[in-house]
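Student: Chains as they are written, first to last, in the numbering used here: chain H, 2 to 318; chain L, 128 to 574.
Think of the hints as simulated: they come from the structure by calculation, not from any bench.
None of the values given here were measured: they were computed from a predicted structure.
The C-beta atom is built at its ideal place from N, Cα and C for all residues, glycine as well.
Any given hint might turn out to be false.
What the hints assert, rightly or not - Sample of chain L residues facing chain H (criterion: CB under 10 Å; computed from the structure):
#: 1; residue: Y172
#: 2; residue: N273
#: 3; residue: E280
#: 4; residue: A338
#: 5; residue: Q354
#: 6; residue: K468
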Amino acid sequence: MSFFSKLFSREKKEDLDKGMEKTKTSLFGKISKAIAGKSKVDEEVLDELESVLISSDVGLETTVKIIERIEARIARDKYLQVSELQAILRDEIVQLLAENNTTDVEDFLPDQGQKPYVILVVGVNGVGKTTTIGKLAWQLKQQGKKVVLGAGDTFRAAAVDQLKIWSERVGCDFYSKGMNTDPAAVAYETVQYALEHQCDVAIIDTAGRLHTKSHLMQELSKIKRSVGKKLEGAPHEVLLVLDATTGQNAFEQAKHFTDATDVSALALTKLDGTAKGGVAIGISDQFKVPIKFIGMGEGIHQLQVFNKKIFVESLFD
Amino acid sequence: MFESLSDRLEGAFKVLTGEHRLTELNIAESVKEIRRALVAADVNYKIAKEFTDKVKEKALGTENLLKAVKPGELMVKIVRDELVELMGGEAADFNVKGKPAVVLIAGLQGSGKTTFSGKLANFLKTKQKKTPLLVACDVYRPAAINQLGVIGEQIGVPVYKDLDSKNPVEIALKGIQHAKDHNLDVVIVDTAGRLSVDTEMMDEIARIKGAVLPNETLFVVDSMTGQDAVNTAKAFNDVIDYNGVVLTKLDGDTRGGAALSIKYTVGKPIKFVSTGEKMDTLDVFHPDRLATRILGMGDIVSFVEKAQEQFDEAEAQRLEKKIRKNKFDFNDFLSQINQIKKMGDLKSLMGMIPGMSKITKDLDINNDAFKKVEAIIFSMTPDERNNPDLIDIRRKKRIAGGCGHDLNEINAFMKQFDQMRKMMHKMSKMPGMSDSKPKSKLKLKRR
Chain H
2 MSFFSKLFSR EKKEDLDKGM EKTKTSLFGK ISKAIAGKSK VDEEVLDELE SVLISSDVGL
62 ETTVKIIERI EARIARDKYL QVSELQAILR DEIVQLLAEN NTTDVEDFLP DQGQKPYVIL
122 VVGVNGVGKT TTIGKLAWQL KQQGKKVVLG AGDTFRAAAV DQLKIWSERV GCDFYSKGMN
182 TDPAAVAYET VQYALEHQCD VAIIDTAGRL HTKSHLMQEL SKIKRSVGKK LEGAPHEVLL
242 VLDATTGQNA FEQAKHFTDA TDVSALALTK LDGTAKGGVA IGISDQFKVP IKFIGMGEGI
302 HQLQVFNKKI FVESLFD
Chain L
128 MFESLSDRLE GAFKVLTGEH RLTELNIAES VKEIRRALVA ADVNYKIAKE FTDKVKEKAL
188 GTENLLKAVK PGELMVKIVR DELVELMGGE AADFNVKGKP AVVLIAGLQG SGKTTFSGKL
248 ANFLKTKQKK TPLLVACDVY RPAAINQLGV IGEQIGVPVY KDLDSKNPVE IALKGIQHAK
308 DHNLDVVIVD TAGRLSVDTE MMDEIARIKG AVLPNETLFV VDSMTGQDAV NTAKAFNDVI
368 DYNGVVLTKL DGDTRGGAAL SIKYTVGKPI KFVSTGEKMD TLDVFHPDRL ATRILGMGDI
428 VSFVEKAQEQ FDEAEAQRLE KKIRKNKFDF NDFLSQINQI KKMGDLKSLM GMIPGMSKIT
488 KDLDINNDAF KKVEAIIFSM TPDERNNPDL IDIRRKKRIA GGCGHDLNEI NAFMKQFDQM
548 RKMMHKMSKM PGMSDSKPKS KLKLKRR
C-alpha cells in the first residue's frame, strides 16, 4: 500500500472522500433502503439495485453489466446474503473496471522524457477546460516543471483573459495572439515558444465546441495537425474534459472528439457536487480511453490523478 | 454502444406488432422498454418509472376504444401526448414590467449563464425594444466580468461592473441604481456558477435575490445534464424559488431528458431554450418539439430551421439566377456542399427527418461523403470550375491524376453533375418556382 500512499497523500484522500460523501451517502442510503427487511438477494433486490445504480449516473449499459455479474454470482453460489451485497457490489465493480485494459496513470505527467510535452485540451462548452488547465499547470509547477499555457480559445468572450489570470496565479508562462486569431496558429506558436524557452510542458487551451458541429471538429483536427507540424509526435496527449454532471451524452462527446483528435486521456470535472460519482464508473467501463484526472473542487490544488481502485474504494468504505 | 431512443422504442413497439389491441400483458412489456429508453435519454429513473406507470394506465383505459388503430402507434401517441402535456401546460409569460424590471440568472458552473444573459439582453433589445442593462456579479471566476463586458459590446448593451467590489449583493444593488439613473428598463443580473451543495454560495444567491427582488428568477441548466438534474433543480428551487428554467446547448445531440425531470420535479415552466454561441440563438420553448426529441422520433421542424439558419438570401438569389441561365458551375456546387456541411453532422441531420433514423442507423454516413466530390473539384483549374463545359477528355485525365480517382469515377461524376444541372434548370423554369426562393433552396440542399 505504500505505493498508493505515495500517490494519495492524506490530504487528497480527504478531498476525494469529502467529494464522494454525497454519492456515498445517497448510494448507500438507497441500497440499505432497498434491502431493508430482506435476507436474501432476489429479483426484487436486484431491481432496486438497478435503479440505485442508474440514478447514480452509472449509465444503463454498465448498470446492466453489473447486475448481470451479480446474477451470475448468485447462480454460481446459489444463495447470497443481503449483508454481503455491498462487498460483492464493490468487488464486481472493481473487477469490471479492471477488465477494461486501461491502466491507471501514476502521476500528473508521464515520465517519458519528451520535452516539451504537449497537451491539447478539448471539450464541449462549459465543462471546465480552462479551470482544469490552470489546476494541472499548478500541479506541474509544484513538481518544478516549466510550463507554458497557450491561449487557443480565441473565440469565446474573454477566454484569453481567463487563461492569462490562471497563468499568473500559477506563476507559469503564457502565450497568446489575442482574441479572434487563428487557433491553429496559436497552437503552433505555443509549441514554438515552448521549444525556444525550454519549457517542460505546453498546455494548449481550445474553444469549447459541441461535438455535433462538424466544421468546428474539423478545426480541432487542424489545430492538432499544426502542433504536429511544429514538433513531430506532438501533441503527446489530447485531453478531453468531461463534465461529471453530463448524462448519457458524455459517451457521444467522447466518440466524436476521439474521431476528430484521437483523444488519449479524459479529465472528469465537477465531481464534488451532488450524487454523480457514479458516472466515473460508467465512463471507466465504456471507454477505452482512461480517466486521468478528476476535478474535486474550485481550489487550485483540487485536481487529482484518478485511480479506479481507490475511487471505488472511496465509494464504499 | 449508444442505441438511439427511436431504436429502443421501435424495439418496444415491435412487441406490439401483430397484436390487435393493447392488453395488460403486451403493454407491460413495451412500457418497460419505454422506461429504459427514457432513462437512456437522461430522464431521471424514478420519474421515468412514474411517467410510464401513467402511460400504462392511459393505455389500458383506451384498450377497447381504438381497436382499429395499430396498438404500437397508439402507444407512441399516448407517450408523446403525455410528454407534451407534462412539459407544456399553460404558456409561460416573461414579466419585464416595472422600471427597472430585474431578471436574476442562476445556475451551476458552465451551464451557460453569461452567454444566456447576453442573449436575453439582445432578445429584449431587438424583439421587445427594451433598454437592458447587464450587471456582472460573478466576482469569482477569472475574467467572468470581462466576458460579460465583451458580450455587452458585441450586442450594444451597457454592462455595469465594479472591479473593486467582491460583494455581489452590493454590485447588484448598485447596478439597479445605475439603471434607474440612466433610465434603463430591464436589469439582468448575471451571477457566478455554484454547486447546490455549496451552502455558502447558495446562501449568497439567496441574499442577492432578497436584495434585488427580481421580477423573474431564471435557473439556467445544461440540456446535457444527467440523472443529477433533479437534485440540482430542486436544491436551487428550495433556495431561490425561481419562476422559470432556461435550457442551454440544445444545438447538440442530447435528447434533453433532463428537461422532463426538472419540469416534473419542480413544476416550473421552461421559458427559453438556447441553441448556439451566436447572440441571436435564443428561442421560446416548444414542448412538442422537445417531446419528439426525447423520443428520438425525428424533428422535421428543427431540420428546416437548421437549413434556414444557414440560408443566405443574397447567395440564394445569385444561385437562382445562375440556375435559370443554366450557368450553375462547380464553384456553386462547392458552396452548396459547404452549406450542407455547416448544418452539422450529416447523420444527425438525416435523423431529424421522421423515419430516417432507422434507415441511417446502419449506413455509414459520415462527413467524408463529400470528400471525393471535393477532391475532384479541387483538382480543376479555376477556369474549369467556372465553366464545366470546358472539360474534355484530356482535362479529365489530368483531373483524375490530380485527385487520385480513376477516369471512370470522373466520368460518372461529370455525368451526375450534368444531369443535376439540367434538372435544376428545368425546375427553375417551372411556374411558381421563382417566387419561392427558400423552398427551392431547400430542395437543392436535400438533393
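Student: Broken hints, numbered, in rising order?
Tutor: Result: hint 4 breaks, nothing else.
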